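Trainee: Now for the letters of each chain:
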Amino acid sequence: MARYLLRSALRACINGGVALSVAALFAHGAQAQDAPADRVEHGRYLAIASDCVACHTAPGGKPFAGGLDLNTPFGTITASNITSDRATGIGSWTLQQFDAAVRHGKGPNGHLYPAMPYTAYARMTDADLADLWAYIRTVPAVSQKVVENKLPFPYNIRAALIVWNALFFDSTPFKPDSAKSDAVNRGAYLVEALAHCGICHTPKNAFGSDSGATYQGTSLQGWHAPDLTNNDHTGLGKWSAEDIVTYLRSGTNRYTASSGPMTEVIVNSTQHLTDADLQAIAAYFKALPARHVEAPQPLPATNAQVEAGRREFVVQCSACHTSSGQGVANMIPSLQANPAINAKSPDSLLNILLAGTTGPATTANPTGAAMPGFAWKLQDDQIANVLTYIRNSQGNAAPAVSTTDVAKARKALGAQPVVWH
Amino acid sequence: MNYKRPKADVVIIGLGWSGSTMAEELTRAGLNVVAIERGAWRDTTTSFPTTRDPDELSGSVRKDILQAPVTETYTVRNKADQTALPLRRYHNLTLGNNVGGAGTHWAGASWRWQSFDHQPYTRVMERYGAKQLVDGLILQDWGVTYDDLEPFYDRFEKIAGTSGTAGVINGVKQPGGNPFEGSRTSPYPTPALERTRANLLFSEAATRLGYHPFPVPSAMIGAPYTNALGLNLAPCTYCGYCQLYGCGNWSKSSPNICILPVLMQRPNFTVVTESEVIRINTTPDKKMATGVTFVDSNGDIGEQPADIVITATFTLDNTRLLLLSGISTPYDFASGQGVVGRAFTFQTLSWGFMFFENEYLNPFMNTGALATQIDDFNGDNFDHTGLGFIGGAGIQSLCNQGLPIGMAGLVPEGSPQWGKGWKQAFQKGYQNYAQIQGQGTNFAHREQFLDLDPTYKDRFGQPLLRITFDYNENDRRSGRFVRDKCVEIAREMGAKQVWGDSFPDQPYSGYRPWDSSHVQGGVVMGEDPKTSVQNRYQQNWDIPNLFVIGASSFPNNAGYNPTVAVGATTLWTAKAIREMYLKNPGPLVRV
Amino acid sequence: MKRRDVMKGGLVLMATATLASIYKPAYSKTFVGGSGLWKADPPPPLTVVDSSRLVYLTQAEAKLVGAVFDVLIPHDELGIGATEAGCVTFLDHQLAGPYGAAAKDYRLGPVVEGLPQQGPQSIATPAELYRTGLAELDRAAQAKFGKPFIDLPEEQKIAFMKGIETGAIAFETLKSNEFFSMLLQNVREGYLADPMYGGNRDMVGWKLVGFPGAIYDYRDWMVSKRGKKIDVEPVSLLSRA
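If you're matching them up, the sequences are chains P, L and H in order.
Using my numbering, the first residue of the first sequence is number 2, and each one after it goes up by one.
Using my numbering, the first residue of the second sequence is number 34, and each one after it goes up by one.
Using my numbering, the first residue of the third sequence is number 5, and each one after it goes up by one.
It should be emphasised that the hints constitute simulated quantities derived from the structure, not laboratory data.
All values derive from a computational prediction rather than experimental measurement.
Check before you lean on any hint, since a few could be wrong.
[As the list claims (entries may be wrong)] Some residues of chain L that are not near chain P, with every Cβ distance over 10 Å (derived):
| no. | residue |
| --- | --- |
| 1 | 36 |
| 2 | 62 |
| 3 | 85 |
| 4 | 115 |
| 5 | 183 |
| 6 | 272 |
| 7 | 332 |
| 8 | 414 |
[Unchecked claim] Derived list of chain P stretches under chain L, where covered just means 3 residues or more per stretch with a C-beta under 8 Å from a C-beta of chain L:
| no. | segment |
| --- | --- |
| 9 | 316-325 |
| 10 | 355-366 |
| 11 | 382-388 |
[Claimed, not checked] Quick list of in silico lysine to aspartate or glutamate cross-link-like pairs, EDC-like style, CA-CA up to 16 Å:
| no. | chain 1 | residue 1 | chain 2 | residue 2 |
| --- | --- | --- | --- | --- |
| 12 | P | 287 | P | 243 |
| 13 | L | 563 | L | 548 |
| 14 | L | 461 | L | 390 |
| 15 | L | 608 | L | 187 |
| 16 | H | 211 | H | 80 |
| 17 | H | 166 | H | 142 |
| 18 | L | 40 | L | 318 |
| 19 | H | 232 | L | 340 |
| 20 | P | 107 | P | 171 |
| 21 | P | 345 | P | 243 |
| 22 | L | 37 | L | 340 |
| 23 | L | 608 | L | 181 |
| 24 | H | 232 | L | 181 |
| 25 | L | 453 | H | 81 |
| 26 | L | 453 | H | 235 |
| 27 | L | 40 | L | 340 |
| 28 | L | 608 | L | 114 |
| 29 | H | 229 | L | 392 |
| 30 | L | 563 | L | 365 |
| 31 | L | 112 | L | 575 |
| 32 | L | 112 | L | 506 |
| 33 | H | 151 | H | 140 |
| 34 | L | 461 | H | 81 |
| 35 | H | 233 | L | 365 |
| 36 | H | 229 | L | 506 |
| 37 | L | 616 | L | 227 |
| 38 | H | 211 | H | 235 |
| 39 | H | 233 | L | 187 |
| 40 | H | 179 | H | 237 |
A virtual CB, placed ideally from N, CA and C, is assigned to each residue, including glycine.
Isolated chain P, as found in the complex (with noise of 0.2 Å):
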C-alpha cells in the first residue's frame, strides 16, 4: 500500500501544476549561512536533481513552504513546509533529523508516510545529504502552518508503516559497482538515489512495492509512465544515449516531445542536470539488460475500428503529425513505431488525446509545442478508433482500445461528453 500511496502522491504533485521558475531556485542559493558556498551550491543541485519542490511547494506558493495536497487514493497528505521557519519549517531541525526524514522516513511525529520518497533518498551519500541539508538551510523561512495528515483511519495510523518498512524498505547505501563505468555508476546513483525515476517507472506487486520488473512502466492515474528498459516495441531500445540526453536536457528529441507529468519532471528538473550527469543517466539506461518483448499482430487495415480510425487521423492528426505520422523533429512526436502507443496501456495517449498537453518549454528548447485536448470536439468511439488506428498502423501494434476504455478516461478527467453529432 505505502508504495502505491507514494506513487499516487508523486502524481498529486506533478498534476498540482507546479513548475517553479529556475531563478527563484538560484535565488535562493544565494543566501549561503553557515556552510561553504560550494557545498551550499551542491546542495542546490541535489535539490534540483531529487525534484524537492515539486510536492513541497503549492500552486502559487512560496518555494518548498509546502501545502500542496498531495490526493492519493487513501486519502489527502499535505507536503510540509521545509522551509527554514523555526515554527512551522524545520529551521529547527539538526542534520541528524533532517537524515531521519530524508534517510529514513522517520519525523519527530513518527514515521513519514511514503509520499516523501525516502525509499529512494535512503541510497542518498552522507556528504550529499550533508550538502542537501547545507542548502535547504539557506532556503528563506516562510511562515505557513502544513497540518500534514488528513487521512482517514486506518491510514492515519503511522505505525503501521514500521511494518511495511519492515518488508520492503531497502536502507542499503548505494554502492558502486566495480565492474561497471563510473557512468554507469554515476546514472544509477541519480536515477535510483536522486531522481527516484523507479517510483513511477517500475510495476508494484500487490503491496505496492516494486514488482522486480523494474523500469517496465506500468499505468497510474489516467498516466502511463513508459517502458525504460532495452526494447525496441515498447522501451528505449531505439533510442542511442544521445536521445536520452536530448530528451532529459529540452523535453523533446528526434523521435518524441514529452507530456503529462514527465514534462514537469524535465522542466523542474532534469533540465538544469550537467551534460555530464545526463550523459551518466543515459549510459545507465542503456547499461540495461535488453529485453525480449513480444510485439504482438497489428489489427487488419480492414479492422472495421482500423478504418474509421484512418479517416480521423487524416483529418483530425495529420496536420502536426504528417500524414504518414513522421511529425516534426523537437516539436511534435513521431507515430511511427513508437514505443510509447505501444504500450499495452493506452492510459497516456487517452488523456493526451482529450485533454491536449502543455509543451515541454525549457532553457535548450522554449517552443513549447503542445497538442489542443479533443475532449469537447470528438466522441468516444472516434476517440477509440483513431487510437485503435495508431496502434495498429506505421509500425506500431497495440491492443485497440474501445469506447468503454474512452469513456473511463474522460469520466477521470472530468471532461464532458460531445453533445452534438
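Given the structure of chain P, go ahead and fit chains L and H onto it with the hints provided.
Mentor: Here is chains L and H on its own, set in the frame of chain P:
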C-alpha cells in the same frame, strides 16, 4: 484607481513584430523591459488550435482576430478641403488585437527592400534628375542604406525562418531566385514553398515574355527549422486558412512562435496586456521622455516610468501617439512645415484578373504568401526615361485565397451574382479564377498626411487620427503601366477572360476589395530634422530617449510588403541602443 | 458609447511563477518572464446552433427572408436551395449575436453622409436593418404587385429582386440596393460557412464547388494533385470523418 508601476529601464508600447524583436534584443542585453500591449495574451495551441481554426466565417469574414473599429479607428478624406469621416466597419487596415500584433494573422510576404527603396532620392537624381518627379512629390533618403541593413535583414530572416530561393548571394546570381534583389550574405533559412498550378502558369508565361520569375519569400516555413533564438518551427501545410488566421501549426513566422517563448523565459521581461497607452510622458521642457500612461481593461489609469521609451505600435498609431503627446512639430499642410504626420504613404495596386476555361486550380490549397513574382518592373529595375513616373511594382501570381465565401462573388464577367445562373458560374469559376497583383510603390506627397481629427474621438475621448490621402499623378501613371503588364502576362497564361484594373484610377477608399493594408511614414527617419522626426537610428531628434520603430519610419513605400524591412530596421536600432546609446545616452547623430 | 464589456474585473498581478496561477480571469494581466510557458485563456468550445427555434427573427420575418434567400440561391439540379440548407437559421443566429448588434463597429457620432469611398456611415445594426428592411421589402411588393412577396410567382420574385438590387424599386427608410447587398452577402455566408453555424446543410455549398472544408493539411496534394481534379468528401469542423 490610478497607480504607478515600478520604473523600468525600457518601456515598449505594443508587442507585435517590432516590439517583440526589440524586447528580445534589449532583454538579452540585460535591460529590464516592460511592454504594454493593447491586445490579449495568445498562444498557438490554446488560441489557434487546428481543432477549431479552419473556419472562414469567424476568420476572414467576421475578422474575429483583428482589432475592431469600436476600439479605435481612423477618419479618412481624399483632400484637405473635404470632411474626414470615420471608418466605422472593418476596413483594409488590419490591426492585430493580441500579443504578436498583426504578425499573428499576417499573410507573410517577407521581403528585403531594395537598395533603391532606402535611397530613392539619390538614385532618382543620379539617373533621371528632378524632372522625373511629378509636382508635389516628396522624395528623401532614409539615412540608412541596404548595405547598412543587410546583416539585420539576415538576422531577422533567421528569426522568422523565411522560406525562399536566393537570387543573389555575395554578388553572385543564383538560379531560380530574384536576379534584382540586393546581394545577400546567406540563402533563405528554409526552402521555397511548393508552387500552385496558377504559379506555374504565371512562371511559364513570364519566362516566355523574357521576364524573371521567382518564388516570393514567405513567412510560411518551407522545412522544419530551428531559428536564431533556438525555437523550432514546423513546415507549412498549405491549409489555406492563413491571412486573418493565427497558425495552429507553428508554420507561419509570428512573434508568438519566433520570439515570445524565449522572451517569456527571461525574468527581466514583463508584458502588461489589454492595456492601451494613451500618452508618452515627457519632462516639462520636452527634452526627455519619462515613461507612458496607459488605461487598463478595468478603466484604471496606470503609469509606467522608464529610462527609454520605445513606440512600436501600428504605423498610424505611432504617429497618433506623438501627436497626442505633443512631441515634435506636427506637419502643417498649409505651410508645408513640420514633420509629424508628413510623408505618409500607402500602396499602389494594379491587377490582372482572369478566368480559365477548364482548369483545376484547386485554390483551397494555398498559404498567405504563396506567390511567384517578377521584379522586372519594380523599383528602379527598369529605365523610366520618358515614362513620367518613378517606381513600379512587384508583379505576382498570388494564391492566397480559396475559401468559398470570399470567392463567391468571383464569377466570369457577365455571369449573374445570384440565382441559378450564379450557382453554375460559381461552380465553374471557383476552379478557374486566377489573379495577378501588381503591388506598387507609393511615394510621399505634400497632399498626403496624417493629423488629429477635430471631430471624432475614441472610446477614451481622445481624437482619432485623420488620414488625408489620395493617389498622386505618379501613382496613376505607374498604376496603369503595371496594370498593362499584369494583363499582358495574364493573356500569355492562356486565360479565356482577362481584365485589368489600376486602383489609382478611382479615389482612395479604405474599403476597396483586394486593396493593400500597407501604410508607411508619419514619423519618418532621415538625415535632416526639418524633413524627418527621427535620425537614422529611429531616435527622436528632440528627445534622445524616445525611439519610434516600425514602418512609420519609412519615408516611402516600395513595391513590397513592409514586415521584414520593419524587422531589419528594428534590429539596426536595437544594436545602436545596445552598443552606442547605453554607453553614452544622448543624441546618436549631431546635426 | 458603452465601454467594452471586458472593462470589468480587476488588474490581476501575476508576479508568481507558477503555471497554475495563470488561469485567472481574462482582462488586463501582467506576465513576468522566467517561468517557461504561458498559456492563454482557452476559448469556449465550438457548438452547433440550435435550429429548433428562432432566436431573433419573427416567424413571419423568417418565412419572408427564406423566400428571398431561395430566389438568391434556389433549389436546382446543383443542390438544395438556401432555406433548405439552413440559411435562415444561420441568419437568425447571426442577427442575435455580435454581428447583428454591430458590436465591433465604430458607432460614435456625428453621423454624416459622406462620399461613396468613405464607406457606410449608418450606425443602424444589421439586426435593426433586417427588421426595417424586411418590412419595407414586403410593403414594396404589396405596392407593386398587390400581394406579399412570398405569394408572388417565381418570375415576379426574380424581377422584383432585380429591382431591389439596382435600387430601381426603392424603400422609404433605407437604400434598397444596400439592403440587397446585405441579403446576398448573408445568404452566401449561410450557404458556404461551416455547418455548425446553421447553414450549409450536408456541406451542400462546399460540394457545389468542390471545397474540402475544414482540412488542415494539403502537403500530400500540393504537387501530386496540382492542376488535377480532387474528389474528396468535405469535412466540417464538428462532423465525423
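Trainee: For every hint, state whether the structure bears it out.
Mentor: Results of checking the hints against the structure:
Look at residue 36 (chain L): its CB is around 22 Å from the nearest CB on chain P, clear of 10 Å, so calling it non-interface holds up. No beta-carbon of chain P is positioned within 10 Å of the beta-carbon of residue 62 (chain L); the least distance is around 18 Å. Taking the minimum C-beta to C-beta distance to chain P, about 8 Å, the non-interface status of residue 85 (chain L) is violated against the 10 Å cut. Against chain P, the non-interface label of residue 115 (chain L) holds: every CB pair exceeds 10 Å, the least being about 49 Å.
Distance check on residue 183 (chain L): its Cβ is at least 28 Å (rounded) from any Cβ of chain P, clearing the 10 Å threshold; non-interface status holds. For residue 272 (chain L), the condition that its CB be more than 10 Å from all CB atoms of chain P is violated, with the nearest at approximately 7 Å. Annotated as non-interface, residue 332 (chain L) keeps its C-beta farther than 10 Å from every C-beta of chain P; the closest such distance is 27 Å. Every C-beta of chain P lies more than 10 Å from that of residue 414 (chain L), the closest at about 38 Å, which supports listing it as non-interface.
Only residues whose C-beta sits within less than 8 Å of a C-beta in chain L count toward coverage, and the segment 316-325 of chain P has 3 of them, enough to reach three; the restraint holds. Restraint check on the segment 355-366 of chain P versus chain L: 6 residues with Cβ-Cβ distances below 8 Å, three needed, restraint holds. Counting residues of the segment 382-388 of chain P whose C-beta lies closer than 8 Å to any C-beta of chain L gives 0; at least three are required, and the coverage claim is violated. A hinted pair counts as satisfied when its Cα atoms are at most 16 Å apart, and residue 287 (chain P) with residue 243 (chain P) qualifies at roughly 10 Å.
Between residue 563 (chain L) and residue 548 (chain L) the CA atoms are separated by roughly 32 Å; this puts the pair beyond 16 Å, and the hint is violated. Of the pairs offered as hints, the one joining residue 461 (chain L) and residue 390 (chain L) holds, with about 8 Å between alpha carbons and a cut-off of 16 Å not exceeded. Annotation: proposed proximity of residue 608 (chain L) to residue 187 (chain L) holds, straight-line Cα distance about 14 Å (limit 16 Å). Proposed proximity of residue 211 (chain H) and residue 80 (chain H) is supported: the alpha carbons are some 14 Å apart, at most 16 Å.
Of the pairs offered as hints, the one joining residue 166 (chain H) and residue 142 (chain H) holds, with about 15 Å between alpha carbons and a cut-off of 16 Å not exceeded. Taking the CA atoms of residue 40 (chain L) and residue 318 (chain L), the gap is near 21 Å; set against the 16 Å cutoff, the hint is violated. Restraint check: the Cα-Cα separation between residue 232 (chain H) and residue 340 (chain L) comes to about 60 Å, which exceeds 16 Å; the hinted pair is violated. For the given pair, residue 107 (chain P) sits about 14 Å from residue 171 (chain P) by alpha-carbon distance, which is consistent with the 16 Å threshold.
For the given pair, residue 345 (chain P) sits about 26 Å from residue 243 (chain P) by alpha-carbon distance, which is inconsistent with the 16 Å threshold. Restraint check for residue 37 (chain L) and residue 340 (chain L): satisfied, since their Cα atoms lie roughly 15 Å apart, inside the 16 Å limit. Among the hinted pairs, residue 608 (chain L) with residue 181 (chain L) is consistent with the structure: their alpha-carbon atoms are about 12 Å apart, no more than 16 Å. For the proposed pair residue 232 (chain H) and residue 181 (chain L), the alpha carbon gap of about 47 Å is over 16 Å, so the pair is violated.
Simply put, residue 453 (chain L) and residue 81 (chain H) have alpha-carbon atoms about 9 Å apart, close enough for the 16 Å limit, and the pair holds. Only pairs whose Cα atoms come within 16 Å are accepted, and residue 453 (chain L) paired with residue 235 (chain H) is rejected, the gap being roughly 24 Å. Annotation: proposed proximity of residue 40 (chain L) to residue 340 (chain L) holds, straight-line Cα distance about 8 Å (limit 16 Å). Under the criterion of a C-alpha separation no larger than 16 Å, the hint pairing residue 608 (chain L) with residue 114 (chain L) is inconsistent with the structure, at around 43 Å.
For the suggested pair residue 229 (chain H) and residue 392 (chain L), the alpha carbons sit about 12 Å apart, so the restraint of at most 16 Å is met. For the given pair, residue 563 (chain L) sits about 12 Å from residue 365 (chain L) by alpha-carbon distance, which is consistent with the 16 Å threshold. About 30 Å separates the Cα atoms of residue 112 (chain L) and residue 575 (chain L), which puts this hinted pair outside 16 Å; it is violated. Using a Cα cut-off of 16 Å, the hinted pair residue 112 (chain L) and residue 506 (chain L) holds, with the two alpha carbons roughly 14 Å apart.
With a CA separation close to 13 Å, the supplied pair residue 151 (chain H) and residue 140 (chain H) stays within the 16 Å bound. A threshold of 16 Å between alpha carbons decides the hint, and for residue 461 (chain L) with residue 81 (chain H) the separation of about 15 Å falls inside it, so the pair holds. For the hint linking residue 233 (chain H) to residue 365 (chain L), the alpha-carbon distance of about 59 Å lies beyond 16 Å, and the restraint is violated. Of the supplied pair hints, the one linking residue 229 (chain H) and residue 506 (chain L) is violated, its CA atoms being roughly 45 Å apart against a limit of 16 Å.
For the suggested pair residue 616 (chain L) and residue 227 (chain L), the alpha carbons sit about 47 Å apart, so the restraint of at most 16 Å is broken. For the hint linking residue 211 (chain H) to residue 235 (chain H), the alpha-carbon distance of about 10 Å falls within 16 Å, and the restraint holds. Note on residue 233 (chain H) and residue 187 (chain L): the hinted pairing is violated, with a Cα-Cα distance of about 40 Å set against a maximum of 16 Å. For the given pair, residue 179 (chain H) sits about 41 Å from residue 237 (chain H) by alpha-carbon distance, which is inconsistent with the 16 Å threshold.
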